[in-house]
Every structure is written in structure tokens, then in C-alpha cells.
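Asker: Residues per chain are reported as follows:
Protein chains: 2
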Amino acid sequence: MVESWSFLDTAESNFRPLVVIELSKGTKEETIEWFTKRIVDKKANGGAQLLIKPLVTENGVENIYLVGASHLRLLLGAEAVGLVKECSDNSMRTFTYSSRKTFKHYADDNHDFLTMAECQYIIKHELENLRARDEKMIPGYPQAKLYPGKSIVRRLLTSGILVQIFPLHDREELKKLSHSWYGRVKIGYQPLDDIRCYFGETIALYFGFLEYFTFALIPMAVIGIPYYVFAWEDYDKYVMFATFNLLWSTVILEVWKRMCAILTYRWGTLLMKRQFEEPRPGFHGVLGINPVTGREEPMYSSIKRQLRIYLVSLPFVCLCLYFSLYVMMIYFDLEQWALDYHKENESNFSSLMLYVPSIIYAVVIEIMNLIYRYAAEFLTSWENHRLESSYQNHLILKVLVFNFLNCFASLFYIAFVIVDMKLLRQSLATLLITSQILNQFAESLLPYWLQKRYDRRMRKRMCPTKTDMDLSLAEQVNMEKEMGTYLGTFDDYLELFLQFGYVSLFSCVYPLAAVFAVLNNITEIYSDALKMCRVYKRPFAEPTANIGVWQLAFETMSVISVVTNCILIGMSPEVDALFPDSKMDLVLTVALVEHLLLAIKFIMAFVIPDKPRDIQMKLAKLEFESLEALKQQVRAFQMQL
Amino acid sequence: MVESWSFLDTAESNFRPLVVIELSKGTKEETIEWFTKRIVDKKANGGAQLLIKPLVTENGVENIYLVGASHLRLLLGAEAVGLVKECSDNSMRTFTYSSRKTFKHYADDNHDFLTMAECQYIIKHELENLRARDEKMIPGYPQAKLYPGKSIVRRLLTSGILVQIFPLHDREELKKLSHSWYGRVKIGYQPLDDIRCYFGETIALYFGFLEYFTFALIPMAVIGIPYYVFAWEDYDKYVMFATFNLLWSTVILEVWKRMCAILTYRWGTLLMKRQFEEPRPGFHGVLGINPVTGREEPMYSSIKRQLRIYLVSLPFVCLCLYFSLYVMMIYFDLEQWALDYHKENESNFSSLMLYVPSIIYAVVIEIMNLIYRYAAEFLTSWENHRLESSYQNHLILKVLVFNFLNCFASLFYIAFVIVDMKLLRQSLATLLITSQILNQFAESLLPYWLQKRYDRRMRKRMCPTKTDMDLSLAEQVNMEKEMGTYLGTFDDYLELFLQFGYVSLFSCVYPLAAVFAVLNNITEIYSDALKMCRVYKRPFAEPTANIGVWQLAFETMSVISVVTNCILIGMSPEVDALFPDSKMDLVLTVALVEHLLLAIKFIMAFVIPDKPRDIQMKLAKLEFESLEALKQQVRAFQMQL
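Chains A and B, in that order, give the protein sequences.
Using our numbering, you'd call the opening residue of the first sequence number 1 and step up by one each time.
Using our numbering, you'd call the opening residue of the second sequence number 1 and step up by one each time.
Extracted from the complex, chain A is given alone in its bound form (with noise of 0.2 Å):
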């Protein structure tokens, strides 16, 4: 079997490997050469044209192969997504290979042209349409069926035979990276540019956004501080603060699609042609004829997609949040019966039982949003969206409102019902920081523990005494292919948004919220950092020109707090007394600074351009060079005449 590729290995003297397949311990024969024979195959043939070289290790072939490419191969699989680089001239154009030798750094012998993390991307998108030809199953697997045109390493992936595909981790990249990014505690910027050539543009705009809105979260956090040093508890400087918050938020958003821009000019994503969508691998339904794409495929009637979503899921997901408030009541009770007991029976256990209610609470939260996120999980997937990203965003959405609710119910009710104040503070500091520890905690430092403890285990099998850069591929292969997999930014920018609501919701309440969030922000920088370097597989890179619908989700979040901040200032004593004849005048002027306040809010996301002037003209100049070039086709073609 060995034989079978080995003409490539002379064909490319120094074979570099970069993205490991694990197929499953019994995977036949048959299946394996077959595969292979596709992976190697010429592209004239249907194959990918890829080299592939099984792994040995001490305890001979494991059914784990590694992939690589030659540099040509490479480039042209650059063409082919659609990569745009930099050009000599500084401007940015999609790279294809006739033109490459205008392009910056290009040099036929440079094989650092493209980063590793663009390779390994080429390469995951040429086995991803990798396709079946004439075959009508996968050799030596009847039930795994295929049909022409069907991607051949989703249907492995779904029906098992390969249990994962991820890309290598470079460790001298890594470790320089590590070093420059978390490695040294520093005042300064995060390596944005150095992440993304690592671990690809999605990530990297992550990060980049998490250092945006820790900077932008400053001023508030300077401006919040005074407020818990001298005891501030003044109406017209909280309502200072409030409205400051307001159009502060609007303009960190307005100005964050600018930087954003700016990043991704520079990354080549924002002038990247998005790629037709290929179904997702969980989409099923019966073969038809795609009326796009005239191909053979699953189709699945869009109208039976909509019942499910408008009759079941829009249902179910409104069953739970109801089930979520009435848990909320359930906790208040139980905090009021709390109360009723400890003044009953003064004692030492009864003060201890005035916190059980809000850490029952507190886990029950936590339990209803890991059941939530699975139940939501399970329904999109039900739903059957045909592409990825509709999938997607059903589902962050779905997740969205609940978390929302399930995290600031309590807080609305307690703001809006109850009306106390000073107990609404409480519980916003306590949830807030409560929130951020669980969470640096679940999320970064736990794993890493369990990683190093296994590390460690390992590395004591095999060779106590090496480091990491001293490993052989085969001991690096076999510990990245045990770490967890990262599942992708959802959670972190999940974790923002919620933050985001604690700041901005009550921010009239709370100032000091805002100051909190730097600080957990600036540690949340690191421990995100060494969760991505230590903890996970590298992840593929994925190219992304923004930060798609979480965009929204925060402009959402600001328009909500400007109508509860200003309900919470309407409600505040201090205003109270400034209007004692009539609460109709109060009422009409708080709904009216409220509409102002909105309005300047549209204005505003109106009025400021969503990319900065330069990266303007740089698009504009590109467009009229492709009409040029149109026109002079056109010309050419008159002038003959």
C-alpha cells in the first residue's frame, strides 16, 4: 500500500507535513487504498493531487496519515479559493498564478509565500471537494452510500470511518508566538497579525475585537471609578454617566466595523469573493436536482423547513423561556421564604440559608443553559438547514434570546418589579464577577490543567526527559490528537456579549461595572491566549471579513439599554423629587429623552461610514480597475472593426 504513493516522495524531495487524517482502528483495506488513491490522484482524474504519508510510530501504522502538498500545488490551490495577498505595489489583489511573480515576497524558491495556516486551509478545502465520481458507496461500506458530486470526506466523517482531520501545530511558530503574544506580561497591543497567520483571520478578528472593546471599555471604566470612590449618589451625575454610556456604546460599535475594515483590508479577507456554500455535512433529504447548481443532491423542500421552525422550534424556544421565568419566581420565593426564616429564627445557620437560594439559583442557571444549548443544538440540527451558516445563525440566535433572558431576567425583575435599588447592585456585582471567575476558570484554566496533567503522563511514557521542540512528529502527532477540539468563537463572543449587557443594561445603577470588565477582559486576553496555544488542536484557519451577526447582537444590546437605562433614571428618587407636582410630566420626559436618545443613536450608525476613507478609495480604486479592464475587452473588440 506504502508502494502506492511513493513516487510522490521523490517527486517532492522535502515532503512537509501539515494536516493529520485519523482514520478508525478497523477501517478495511479496501477503504484505505481507495481514499488514498483519491487524495494523490491527479486533478484530471477527480483526485486532489495532494501527497499522503501514513504515520509510524513505535507501535507501527495506526491508521493515521499525514497530508502535504507540493509548493505548486499549493499555489494553484490558492487560486482556487480565491486568497487575495499583497502586491508589490502595496495594493491588495486575489492571487492567481500566472500573475504571482507581481505579488510581495513571491519567489519561486520563497516557500513561505503562504503561511502555514493558509496552506493548511487549501488543503482542508481540496479534500472538503474531494467528490464522488461513478461510485454509488464507499469501498468496502455499502451502507455509506454516495452519489455524484457528494463530498467524499463528509460522508467518511458522518458514517465514522474517519474520526477527525486537523492541521499541525508548528512548534517554533508556536512558541515565538506564545512568547510575543502572552509569554511576557507587557503593556501594548496583542500580535494580530502574527495570530492570524497562525490560527487563520476568524480567530484572529476574535482577538481583535476583544483588545477593541477592552480599550473602548476605558473611558467608562476612568469615568465609573470617582462613582465608588466618593459615593457619587447625585441624579444629575449618574444620568451624566447614563447618557455618556449611551452614545459611547453607539460610537465603539459605529467605529469597531471601521477598525474591522482596516484589519481585514490588510488580511485580504474583505475583498475576498465568498465561496459558493456547499450543504452542510448534516443535511439530508431525498436526491433531486439542484435548480442553482443543476447538480444531484439532497433537496429538502424550504417550506417544510419553515413549519418546523414557526411550529415547533419558535414554540419550544418560547415553552423555555417561560419555563426560565417561572424558575426565576421559584428563586424569588424562595429567597423571600429565606428571608421570613432568618428573621423568625435569628441564628448562625440561619444567616448561612439566606445564600442557599441564589446558589441553587446560580447552578440551575448554569444546568438550564447547558440543557438549553443542547436541546437548541438538536432542534436547528432538525431543522435541516442546508447551508452552515443559515445553521448558524438559527442556532445563535435560538441560544441568544434564552441566554439573555435566563441571565437578565432576574436583574429585570428585580429593577422593574421589585424596585429596589440597592439590591439590584448587589446582584449585578455578584453575577457579574461570580460570572467571569466561573468562567475563566471552566473555560481556560481547568482544561489546561487536565491537558498538562495528561501531558505529563505521556511525555513520562516516552521520554521524560524532552522537551517540546525535541518530540518526534509521531509523539506530537499522538498528543495533539488527544486535545480537545475548539469548537469556535461562539462561546467567547457569547461570553462578551452577556458581559456587554452587564455594563450597559444598568449601567446607571452600576459604573463600577465597566471597570470589572477591563479587568476580566485583560486576563481573558491571556487565558483565552494560552487556551488557543496550550489546550486545543490548532483549529483550521477560516477566512472572515467581519464579525458577522454578533454585530447586530450588540447593536440589539445597545438600543435595549437605552430604554432600560433610561426607565432606571426615570425611577430614581433623586428624579423623582425634581418632579413633585405631577409624575405625568416625569413619565413624558423620560419617554421623550428616551425617543431623542434613540434617534441620535440611528443618526449616528447613519452618519459615521462603516469604512474609514483610505480603505474607501482603495475598494473604489479596485472596482474601477475592473470596469477598465471590462471596457477595454469591449473596446479592443470595436477597434478591429
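Honestly, the hints are just simulated from the structure, not real lab data.
If you're wondering where the values come from, they're calculated on a predicted model, not measured in any experiment.
Be aware that a few hints might be false.
[What the hints assert, rightly or not] Simulated pairs of lysine-lysine, DSSO-like, Cα-Cα distance not exceeding 30 Å:
id, chain 1, residue 1, chain 2, residue 2
1, B, 611, A, 257
2, A, 621, B, 136
3, B, 176, B, 537
Using the hints provided, position chain B relative to the given structure of chain A.
Answerer: Positioned in the frame of chain A, the structure of chain B alone reads:
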């Protein structure tokens, strides 16, 4: 001089005049010679390669020229402007000369493949793109400077040498169109496709919107009638009507986007690539190198423009708004004074005096609108916008804000300051109906009557027995060049926008407004059609994919109307009676309902897709094909390896 283009006449025997160029009376010979030479010259020599003929009348040559083009030239021009036409397989594709055989109705001898409006648009585009090469000035006019790349026609227009360029009517087509459009009273839709063929997409889309909007108002009108007939005054019925109205207006605006996509897909403009915009004729500045195009052209600092906008235009607009409010206050004072006078000395004269203030106010409003319009045009022109689209947006914004306040300020004052619902209803009805009557008169009937009178006089001089069809070309051109110029759809949309305001802003007070709007719009269709066909010069076709900034304007109006209606309902005595104990509860309930309605509106706008599914599929198919074509190229290259 005539000889210089006579060779072209033999090349194409059937010269069809499409566009008329009128030069000023005293234009120098050398200028005419140079200009016509540039028009007929080959593309390779920097000409437009069109055909041109002087118009010979009884009085000799009158500096009026007819422009046409050969069939081949028009097809090449269609490719240059990026026209999208229907293929034989019913898909819409960008026309290219090389793929011409795949298009529906194409035949080498079928000269109707391009509509006359399309041909005229192509000629206009070619004339406007006739650019100076090494000329430093217009020959014969040293003060009319040129620089390489400057549009010759635009310079001729700004220096007054070129009086006007306009497309010729096609008497036969026009007769057919006007017959099917407004010739007979009939129930049914307008012939939108025919209108589009004759007048182009912008005008057809306006009539499409007008028709759609009229149909969309019918449900409101039907529900509104019983309120008048049975004199319902119950609070719950008004609330129901207002709620329906508010949600309905969101639905119709969202559905319009879908209708618009269907229309413009069929017309090909949805797919048409935006052309690179040249500086507008009035734009001036010092010569510099445009960083986008690399061409020499006038440059103007964007910071200077921003300063002019924010430091001059914005304060001026605010001042005008303040002045308009001031005039309104004077009106109310006058009204009060007239009322007092009437009470003191009750007589026929005094009861007549009651009407004087409102008549004066109506006249003053019209005069203010007019003066403001000129001021706005002057200011926007002074802001020196580089692009016509940006000029238009700034002008529309200025005019919209002022007209909104001027028309609705008195109603707002009556509703929320005087709080007199009876007076509000009465003012609303008066304003709506009188403005409709005045508009119809001033906009269509008066110009029609003037035009008719002028026509009759003209024809008496020529030959009194001739009908429209028998007129010679010279007579037709002479008649059309004296007709008024249609200045675009701005005023028509503005009228609809204000009407939408009357219908929706106070819908819970005066449900009958929708009935009047429907009645007005039915006659409006006829009078606007008459105006287009009989009163004005034929306008150049303008491809467009949507109604642009008006969509935003209507959506903003529908958001404002949620606020006004909620306040109005909250103030009604019936609702007041429901909350006898606490005014607070009333206000809070109203605020809650308002926020709910706004949230529902935004969710609806988000959930309803902007394009119908089948259009989405067709667009996806085209995108897929172009991506596949790109991939094929890459693959073909890889195969060679």
C-alpha cells in the same frame, strides 16, 4: 460641412433619428465642425462613432442636429453600458456582442432587439463619454477649458454652447402606449412593461410604486369607510384600526421590496452592474490626479465639503426649520385673533375673516417650500459634491426634512399642544384634500392646458389639418424642443411621501384619509401618465434597480407614525376613562405598547426576505455559474501540468 459625414449615410442607408442636439444660435462654425467630427469619428480615434445629420427646415439649417447609430454600433454600445437582456433559456444575462445569438428575439436583421429607449440611453451614454484628448479648450471658445478626460458634452452644456439634448418621441409607439395606459377607463393594471420600454426603468418603477401603493392602501380605505359611515367613536375600534395600520404599513413597505425585485429582475436592471460614476457637471476644483482612477480631473478636499455641510448647510436648515415653526406660531395667533374678532363683532364679514388666516398660511407654506427648494439646490450645489448620486442624496434629505416639518408641524401642534382632536381631524382633511387638488392641477392639468394651447397655435402656423401622425420630422422636432423638461421623479415621490404621512401619522384620528388617498392616486395615475406622454419632452431612460432613498424615507415615516399614533390613542378620553385611578399606568401602558409595536416592526422587517425565493434562486444560479466559470479556468490550467 455636411459632406464630412455624408459617407456614413451611405454606410447605413436607413438613418433613424433617435436623439436631438440643439446648439445655441450663434455657435461658431469651427466649434460645430469639431464637435460633429468627434461624434462621427471612429472609436480608435477617440470618437463616438455615431451618425449625425443637421435638421433642415423651411427656414434652413437651425443648429439642430439629429443623432443616430448603426445597428452594430448600438449592439456594441449595449455591451459597453452593461445592458442585461433575456436569453433564449429565459435567464437574464449581461449582453455581449459575441454571445448575441443566445439572446431571445435576437436576429441580425431584427432592429427591434433593443428598444428605442435603450438605443437612446446608449447614445446618451456614448455622447457623455466623448472625452477631450489633447484639446485645451473648446475650439472657438477659449474660455471653455478642457483637460484630458473631461466630458466634452458636459463642458459644452456648462458653457452654454449646447442648449439641450433630448430623445425623440416615437409618435406611433406613444399613441399605442397612451391608448393602453390612460386612453380608456378600465379596471386593471398599467402596462408597466410597455412604459418601461418607452420611458425606461426609473419612470416605470415610479408608476409601479404608485400603482402598488394605491392597491396597498385599499384595505386601509375599506376598513376606514365604516368609521365615517357609522360615525364610530369607540376607543377600541380606533385602537384596532391604528394597530392594523401600523403593522400593515410595515408589511407593504417590505413586500414592495419584493415586488420591486421581481420587476427589476424582469427588466434586467437588478443584475446590471453599477457603472463607475464620473464627476457631476457642476463639480469644480483645482486639477489634480484622482487617486482612484489615476486620471487628471478637478479635485476638491472632502474635509472642506464636510465643513460646508456641517458649518453652513446644517445651521441654515435648522434656521429654516425654526423660521417655519415661527410662521406657524404666527398663524395660530392670527387664528386666535380672528376667532376673538368674530366673537366680539359677529357679522358676515367677521365669519368670512375666520378663513383668512388659514388661506394666508396655506399660501405662505407654498411660497416657503418654493424658496426653500431653491435655497436647498443652491446650497447642495455649493457643497460641491463630486458625484450626482451624493448630490441627490443631500438635496433629497434637505428638502424632505423641511417639507415634512412645513406640512405636518401645524398638525403636530394641534394634536399635542392644543390637544383638540376635532380640529385635528378637520385640519387634516382640509390639508389633505386641498393639497391633492392643488397638486393635480399645478402638476398636470395646467401644463397640459398650456401645452395644448401652444400646440394649437404652432400647428395653425404650420398646417392646421395635420394630426400628430402626419407631422414631418422637422415639425415634430420643433414642437418637442419647446416642450417642458421632466425634471425626474423627485416631486412625484415627494407628493406620495407626504400623502403617506397624512394617511399614517394620524391614522387613528382620521381613518378616512386612506379613502381620499386611494381616490387621489387613481386620478394621479391618469394625470401623471398624461403628463409624461403629452406635456413633457421624452426623458432619457435611466436604468435603476430600486426606488433608492425613498424606501428609507417611507420606512422612517412609518416608524414616526407608530410614535404619533400611540400618543394620540393615549390622549383620547376613551382610553383615559379606562385608567380612572392612575394617569401613570396609562402612560406606562402606552409606552409599553409603543415599544412592542416598534419591536414587532423591526422583527417583521428582519424576517420578511427582501427578494422572493425564485429571484433569490435565479441570482444564486448566476453567481454559481460565474464561480464555476472561474473554477473551470483554474482547472484547465491545472490540467496542463
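Asker: Confirm or reject each hint.
Answerer: Evaluated hints:
{"no.": "1", "hint": "611/B with 257/A", "in the structure": "26 Å, holds"}
{"no.": "2", "hint": "621/A with 136/B", "in the structure": "27 Å, holds"}
{"no.": "3", "hint": "176/B with 537/B", "in the structure": "17 Å, holds"}
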